[in-house]
Amino acid sequence: MSRVQALFSFVTENHPRSLKGLEESRAVAPELFDEVAEKFLGWAAKVHGETGYLPRCVDAFAIFSHDVLMSQARYEADGHYENDSFAKCEEAVYGRREVMDDYLWGVFLTNFMWAHHMDITRFYKDRFISKLPSAPKVVELAPGHGGWGVWMLSERPDATLHGYDVSPSSIVIASSVAEAAGVSGRVQYTRRNALDLESMPAGEADAVICSFLIEHLEEPWRLVAVISRLLKPGGRAFLTGALTAAQVDHIYEFRKESELVLLCEQHDLRVLETISVAPQRLLPKARFLPRSMGLLLQRRKSDMW
Amino acid sequence: MDTLAKLNEVFRDVFEDEDLTVGRETTAKTVAGWDSVMHITLMMSIERAFKLRFNSGEVANLKNVGALADLIDRKKA
Ligand SMILES: C[S@@+](CC[C@H](N)C(=O)[O-])C[C@H]1O[C@@H](n2cnc3c(N)ncnc32)[C@H](O)[C@@H]1O
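Going line by line, the protein sequences match chains A and B. Everything in the first sequence is counted per our numbering, starting at 1 for the first residue and increasing by one. Everything in the second sequence is counted per our numbering, starting at 1 for the first residue and increasing by one.
Mixed in with the good hints there might be a few duds.
Claimed, not checked - The calculated lysine-lysine pairs, modelled on PhoX-like cross-linking and capped at a C-alpha distance of 25 Å, are: (1) A:Lys20 x B:Lys63; (2) B:Lys76 x A:Lys285; (3) A:Lys137 x A:Lys232.
Said to hold, decoys possible - Anything over 10 Å on all C-beta distances counts as not near chain A; from chain B, calculated: (4) Ala28; (5) Lys29; (6) Asp73; (7) Lys75.
Read the hints as simulated data drawn from the structure, not as lab findings. Nothing here was measured: the structure is a model prediction, and the numbers come from that model. Each residue gets a CB set at the ideal place from its N, CA and C atoms; glycine is no exception.
All chains, please: the whole structure from these sequences, using the hints.
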């Protein structure tokens, strides 16, 4: 039985409420779904063992997805996100292994188990990975589970990666995923707040990956300044963010796609391409459309370039 | 009215099906339309009907209606 088949039977048996979403997700792009799912689940199986990886990851996914939807329902009622302080999120979520390990294994699966995120996954592969220069030096901000960067490394044997995440769980989990993928010799993970990289030497990275961090910050523009600073002129970044999509640790409420575009333009980043996606099934009478946005950026060489 | 009977009313209301009857063994496999999004509507309606509030994690992996009824009874006790 393939890992995809095993996933479908596990979900059918143990998480029937998640089956519809899984079917929607595979229908977006069956070949890509199978490719990514086999890869990601294969790494998870190496980390957790063949008998344990599905319960470990899919149970975490079900809880994570449920929490996200529940946050969205409370956001619909209250009109604002539940948290507004990074320090509180670090204390309650990022810094607590018992919370964060489940959270990260749950998020790990959203890359292909949330139908709208399949579009972001395709965008990343086709528009970012495939366009990297040779022997790229890549920085990943907030790798979390590590899946995005490790996938890039597995596709590009000439690439190296340095990842920075504020969460100790991330460093452990991303390292284990890299090890499982056989790329650990080309990656280094450091526990550090991405905003502290403001003081790093400028212009050393060929590319930056920064997925679903920006909405977790009180001052998201500081992150965009960091991305811009790290990149060489002409270097590219893959940036994603959430708009009117609540989660326990989402702080900054982006409402329109143009807000992210403008932030990038204000920090010497050309916006080459964007994609904005939303789930197919929404809460009844939803006021807010919970969106995920992906941006492909390029560091300007000058004002005119 | 006992918890299960009251829950049945909430289910009928949420799934807009006057003939729906749930028992302790009922799961999402046997109720058409009970997906992850509908589950949230159901939980919010239960919160209103029973005047309680679920914590994160409590209701994400409930196996069947019996487990849900037991959780409600524990929270109301
Ligand atoms: C939703 S997860 C995203 C994980 C992964 N990049 C993805 O897209 O699936 C958010 C991650 O941001 C990390 N994080 C939050 N604030 C951070 C900060 N200021 N600097 C670095 N990492 C941060 C958290 O620890 C967590 O791993």
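Structure-based check of each hint:
Of the supplied pair hints, the one linking A:Lys20 and B:Lys63 holds, its CA atoms being roughly 17 Å apart against a limit of 25 Å. This hinted pair does not check out: B:Lys76 and A:Lys285 have alpha carbons roughly 29 Å apart, beyond 25 Å. This hinted pair checks out: A:Lys137 and A:Lys232 have alpha carbons roughly 10 Å apart, not beyond 25 Å. With 10 Å as the threshold on Cβ separation, the claim that B:Ala28 sits away from chain A is violated: the shortest Cβ distance comes to roughly 4 Å.
Its closest Cβ contact with chain A, about 5 Å, brings B:Lys29 to no more than 10 Å, contrary to its assignment away from the interface. Residue-level check passed: B:Asp73 sits 21 Å from the nearest beta carbon of chain A, beyond 10 Å. In this structure B:Lys75 is separated from chain A by more than 10 Å, as the shortest Cβ-Cβ distance comes to about 16 Å.
Comparing the model with each numbered hint stated earlier shows that hints 2, 4 and 5 do not hold.
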